[in-house]
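**Student:** Chains as they are written, first to last, in the numbering used here: chain R, 1 to 116; chain B, 1 to 1012.
A hint or two may mislead.
[What the hints assert, rightly or not] For lysine to aspartate or glutamate, the following DMTMM-like pairs were computed, each having C-alpha atoms within a straight-line distance of at most 20 Å:
id	chain 1	residue 1	chain 2	residue 2
1	R	Lys-66	B	Glu-790
2	B	Lys-802	B	Glu-790
3	R	Lys-84	B	Glu-790
4	B	Lys-457	R	Glu-14
Simulated from the structure, these hints should not be mistaken for laboratory data. As the structure is a computational prediction, the values presented were derived from the model and not from experiment.
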Amino acid sequence: MFYIHCPYCGETREEEEFHPKGQAHIARPLDPDACSDEEWGDYLFFRDNPRGIHHELWVHAVGCRKFFNVTRHTVTYEILETYKMGEQPSITAEHPEGRPTDAVDQQASLRDGVRA
Amino acid sequence: MSQLNRLPQGGRIDRSRKLSFTFNGKSYEGHAGDTLASALLANGVDIVNRSFKYSRPRGIVAAGAEEPNAVVQLGATEAAQVPNVRATQQALYEGLEARSTNGWPNVQRDLMSLVGKLGGKFMPPGFYYKTFMAPASLWMTYEKYIRKSAGLGRSPMERDPDIYDHLHQHCDVLVIGAGPAGLAAALAAARSGARVILADEQEEMGGSLLDSRELLDDRPAEQWVAQVLETLAGMDNVTLLPRTTANGYHDHNFVTLHERRTEHLADTAPRKDGRRQVRARMHRVRAGRVVLATGAHERPLVYAGNDVPGNLLAGAVSTYIRRYGVVPGQKLVLSTSNDHAYRAALDWHEAGREVVAIADARANPDGELVERARARGIRIITGSAVIEAKGESRVSGARVATIDAEGFRVTGQAETLACDTIASSGGYSPVIHLASHTGGRPTWRDDLLGFVPTLVKGVSAAGGAQGVYATAEVLADGVETGSRAASEAGFAAAPVSLPQVAVRRDGAAVALYQVPHEKPTLRAPKQFVDLQNDVTAAGIELATREGFESIEHVKRYTAMGFGTDQGKLGNINGMAIAARCLGRSIPEVGTTVFRPNYTPVTFGAIVGRHCRELFDPERYTAMHQWHVEHGAEFEDVGQWKRPWYFPKTVNGKTETMHEAVARECLAVREAVGILDASTLGKIDIQGPDAREFLGRVYTNKWAKLAPGRVRYGLMCKDDGMVFDDGTTSCLGENHFLMTTTTGGAATVLEWLEIWHQTEWPELEVYFNSVTDHWATMTITGPEARKLLAEVTDMDLDRESFKFMDWREGVVAGVPARVFRISFTGELAFEINVQANYALHVWETLFAHGEKYGLTPYGTETMHVLRAEKGFIIAGQDTDGSVTPEDLGMQWAIGYDKPFPWIGKRALSRPDTARTDRKQLVGLKPKDPKVVLEEGAQIVFDPHHAIPMPMVGHVTSSYYSPTLDSGFALAVVKGGQQKMGETVYLPMADGQVHEAEIVSPIFVDPKGERQNV
Chain R
1 MFYIHCPYCG
11 ETREEEEFHP
21 KGQAHIARPL
31 DPDACSDEEW
41 GDYLFFRDNP
51 RGIHHELWVH
61 AVGCRKFFNV
71 TRHTVTYEIL
81 ETYKMGEQPS
91 ITAEHPEGRP
101 TDAVDQQASL
111 RDGVRA
Chain B
1 MSQLNRLPQG
11 GRIDRSRKLS
21 FTFNGKSYEG
31 HAGDTLASAL
41 LANGVDIVNR
51 SFKYSRPRGI
61 VAAGAEEPNA
71 VVQLGATEAA
81 QVPNVRATQQ
91 ALYEGLEARS
101 TNGWPNVQRD
111 LMSLVGKLGG
121 KFMPPGFYYK
131 TFMAPASLWM
141 TYEKYIRKSA
151 GLGRSPMERD
161 PDIYDHLHQH
171 CDVLVIGAGP
181 AGLAAALAAA
191 RSGARVILAD
201 EQEEMGGSLL
211 DSRELLDDRP
221 AEQWVAQVLE
231 TLAGMDNVTL
241 LPRTTANGYH
251 DHNFVTLHER
261 RTEHLADTAP
271 RKDGRRQVRA
281 RMHRVRAGRV
291 VLATGAHERP
301 LVYAGNDVPG
311 NLLAGAVSTY
321 IRRYGVVPGQ
331 KLVLSTSNDH
341 AYRAALDWHE
351 AGREVVAIAD
361 ARANPDGELV
371 ERARARGIRI
381 ITGSAVIEAK
391 GESRVSGARV
401 ATIDAEGFRV
411 TGQAETLACD
421 TIASSGGYSP
431 VIHLASHTGG
441 RPTWRDDLLG
451 FVPTLVKGVS
461 AAGGAQGVYA
471 TAEVLADGVE
481 TGSRAASEAG
491 FAAAPVSLPQ
501 VAVRRDGAAV
511 ALYQVPHEKP
521 TLRAPKQFVD
531 LQNDVTAAGI
541 ELATREGFES
551 IEHVKRYTAM
561 GFGTDQGKLG
571 NINGMAIAAR
581 CLGRSIPEVG
591 TTVFRPNYTP
601 VTFGAIVGRH
611 CRELFDPERY
621 TAMHQWHVEH
631 GAEFEDVGQW
641 KRPWYFPKTV
651 NGKTETMHEA
661 VARECLAVRE
671 AVGILDASTL
681 GKIDIQGPDA
691 REFLGRVYTN
701 KWAKLAPGRV
711 RYGLMCKDDG
721 MVFDDGTTSC
731 LGENHFLMTT
741 TTGGAATVLE
751 WLEIWHQTEW
761 PELEVYFNSV
771 TDHWATMTIT
781 GPEARKLLAE
791 VTDMDLDRES
801 FKFMDWREGV
811 VAGVPARVFR
821 ISFTGELAFE
831 INVQANYALH
841 VWETLFAHGE
851 KYGLTPYGTE
861 TMHVLRAEKG
871 FIIAGQDTDG
881 SVTPEDLGMQ
891 WAIGYDKPFP
901 WIGKRALSRP
911 DTARTDRKQL
921 VGLKPKDPKV
931 VLEEGAQIVF
941 DPHHAIPMPM
951 VGHVTSSYYS
961 PTLDSGFALA
971 VVKGGQQKMG
981 ETVYLPMADG
991 QVHEAEIVSP
1001 IFVDPKGERQ
1011 NV
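My request is simple: use the sequences and hints to build the entire structure.
**Tutor:** Okay, here's the thing in structure tokens:
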């Protein structure tokens, strides 16, 4: 059972208080009608299933009801960081030891991309 | 019977307190401080069970959690039955009653053993599957009898009278195991100021020190144990949990501790101060750091006949003599690969009984204990091992021969030594189970001849669990590990002084697992690896020959390592044998993964208080008591208890549901009914962007909904499928009240939040659940207005308070919101008041309602009435594959809304645009007496060859008293274009029902009745 730090409450709480909501950083296309059926299907149904570092969306369901992001290792189940909505992970598959803080380009790509 | 194996003195038992107990119906006596196993051995009970597969007689082998044979059924009464109790871990108490779990008619004369003897050669691994494979349909029948003959204990048939608790704990350092390493680690961590929990599975803390003859600071080890425990008990930051097993090590240092508080006293918890004590607790511990001080298990040697009663672990022999004052026999032969096991022979000799010989696998053993044995004149046969035990219900002799362990062969003539006990030791395996739970694959160490744990972050191992065995080193390792754990948890280490312990000079051990026999393994007498599952060395060899190369496959094919002991005794030997057969090394073969639980955990402790009425929360509406008093039958809707129907009793005859529902339906259609609708989800939505937000999450338009007006809305997911529906009222320009289905309330609130928080945080809008704040009562029927007018001065005129309007006012003296919405198709008012006023309003309505025939109705009538009108229930008439268009609800779709609302894009996917999708229709059975089965499959052609193409199914079906006919809602492929056509519903009993596709609106298609 996980022990999860809610970045809004500022406390680490039992997993029972949270719900997982799937992969994080999946942005809804701004103009759905401009999407091909394949693009729309990709947004709706297709998710990554990495062995290793994964960014997930969780909600503090019986706490503050806020959604936030979790960087979790899918093999060790270690939670490497949690961060608020709109923020970017500092630990990624490319930078498992932490991204350089000035990696602005990468921030942009994470925000835009369906694939974090 | 006297305790013939009890020594006149010694041991940690209380000789002044005699305890009587029964085993298999026979009475015996033991002492306070005994385990059931030590008491049975004291009384000379050889056979404690029959084996799982071959029904061979079995005796006690070990003295702890690893015991495979002495697994008993405990309990004097039916309600107190506990299966799978290890006699070695069960403290003796007055009046204890235990039985063997196996053996029919009894363990002494077992009929099944005949099968074992005759069939023994013919029962290879997979025997049951291979033999009873055909016909497959009879497997269930076979299995029943196989299970019965196998005997795995049984659960009680009566309700458990005991209570169990869950405790949630936090600590900085959790130390598991209170042997020398654990005590030292706990002391070091506690001195630093860290919050420490020390848990130990045994009756007494102290572990191996309780039966050690070593001196710590020139005093007996047990005195040091007592002193440390006293110190720890006096510290506020330390919690001592004896009789507590760490049974599971889960993610992020979450450990479950199973504490047995009364099982050493009686088979059900005794009363204290008139109250029943808590029998067991499950501590759910979130630990900063965990120290595994779980020690090591001794490995037995695998030789022919090693399962005959009288074959014990060398260490267990020492434990029984030293801790319990019991010598489990008269004449001992010891077979060993190491020095430490010599203790068994020395203890046996000291107890005044005969040590026939020590067979030592090593050519030149020369350790301190070896010399001591020599000095006492004990015969040591070097380079040899016991290759076979003789005897049936008790060991009668040991065949000892010189062996070549590396070459796996017997090199000399075997000599048969008369004896009744054979002790064996093949070395020690660190207890890596808990570390294994965390996913770490253990590492083999050739110098230790054992696996050591691979540790994840936040956990460390000390002492035997790490392969450190000498007491002085174990204590030092414990202190160091405890200090390190505390400092990692943020506490500065404080000095701990260690007692002086003389260092014993031990010779090196050799690797020996399976002992060779003169005959090849497949033809030699059975050499048992896993005693509990009757897995032999031959079975493992056969499995490898049949192509099972992965140790996990070998495990599943042979059943090695299953059962209550989880391979604690046999696994490493089994892996070594598999490795030998496959020509690999042990680390190449690897281990199987140990999983929780370490030892069996009673369901009571897992469940805690979450049982019976506390199994799941129950939610009641404000009118619940009234419903109970008026005889309502209840239905569970989510966690809510909703009145299902209100059966009347007239002249001592109570209505059936069918009769009650017919009466309730007609009351609504002809007079007035009242429904407690408080359970519907209610979400208060406020903010300048509330209206915009509604337009994005609902399929229809919200831009022009004026204050005072109500609108029905459908909600889709972005895949275009309907997932909830309900009405939303405009309370003010920036203020709305959304209703959801009863079951969907929490889901819909989370749905609104996720879209707001993750996609449209720029919208200023706030959501709050007000489901419990407002109670809702629906009065509906032609007389509804007249009734309501009696209790309010609100203007109820049909022109000024229109259908789909809501008004604020006072009802029965209470501030109320009244909504003119209808789920029955009749004139209806939904009265919302603060929940704490609701019962008053409800009762006031009844005080005025009698003359109008006011009738309470439940969910069943609500369903009939809404289905007659073709109103869907999301989740019943929809199932996550139904679009608004499939429902024929194009009128609720804002195709031209500017924002691409949730679900819109999906409606133009080729699949959602198909014309032959399953669409909502009404079904009218040709025979009006027929009420179609919900879920029944629909076909177009009942004469089609099987399998018939299924074209839809019934989603809702009832008898309508208004129509005096059965009717149904269904989804049918292309159904909206098939009005008037006939479909067929073949049933499981061979009947085929006929029905006509009709409009889903059966009553008042123009909607005039709700508009009066």
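**Student:** Against this structure, judge whether each hint is valid.
**Tutor:** Structure-based check of each hint:
1. Between R:Lys-66 and B:Glu-790, the direct Cα distance comes to roughly 46 Å. Violation of the 20 Å bound is thereby established for this hinted pair.
2. For the proposed pair B:Lys-802 and B:Glu-790, the alpha carbon gap of about 19 Å is at most 20 Å, so the pair holds.
3. Straight-line distance between C-alpha atoms of R:Lys-84 and B:Glu-790 comes to about 55 Å, which puts the hinted pair past the 20 Å bound.
4. For the hint linking B:Lys-457 to R:Glu-14, the alpha-carbon distance of about 18 Å falls within 20 Å, and the restraint holds.
Hint check: violations occur at hints 1 and 3; the rest are consistent with the structure.
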